[in-house]
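*Asks:* Produce the entire structure from the sequences given, and follow the hints as far as they go.
Heads up: the sequence shown runs through residues 1475 to 1633, numbered per this note's numbering.
In case anyone wonders, no lab produced these hints; they're calculated from the structure. We put the CB at the ideal spot given by N, CA and C, even for glycine. A hint or two may mislead.
As the list claims (entries may be wrong) - Computed spacing ranges between beta-carbons, pair by pair:
1. G1594 x D1557: 38 to 44 Å
2. D1605 x V1536: 44 to 50 Å
3. D1605 x A1492: 19 to 25 Å
4. E1546 x F1625: 34 to 40 Å
5. E1583 x A1527: 40 to 46 Å
6. R1579 x D1524: 21 to 27 Å
7. M1604 x V1539: 44 to 50 Å
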Amino acid sequence: MAIKDAALHAMIEPVVTAMGFELWGIDFQSQGRHSRLVIYIDHENGVSVDDCADISRQVSAVFDVEDPIRGEYRLEVSSPGMDRPLYTLDQFTRYRGHDVALKLRVPFEGRRKFQGLLAGVEGDEVLLQMDGEEYCFPIESIDQAHVVPRFEDPVDGQP
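*Replies:* Given below as structure tokens:
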């Protein structure tokens, strides 16, 4: 997690938790003078549009006082969705057995993008099964990761 992301996470998490939600993760993208901050929240009973709006208002109030982002920025609050991003080892552990897509910070064996079955976590490494082989990626080497949803064919019930 980058320093800016860690500082934002520390500022946002108490607000989200106090409102009864889990801070799933944040995605901060600095785009010149305009930045974008996406806050992903989760709850065992789901997340509504009203929940997102309420959390957006509360976080905005904190940001008005703390002013953590220079210049203009767009704040978005969202559920992680079916193709939820994965940020922490705990999240990877929770989604063991699901298909995931990874994008690495630097190439491994000539490529940066991998997709396969999340076999689990060992120490600080994410285990991914692809093409009959298992790959181990240190969490620090993963730039982005997300769950790849499976949809059944309505005719035969197969993915």
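*Asks:* Checked against the structure, which of the hints given earlier come out wrong?
*Replies:* Result: hints 1, 3, 6 break, sorted rising.
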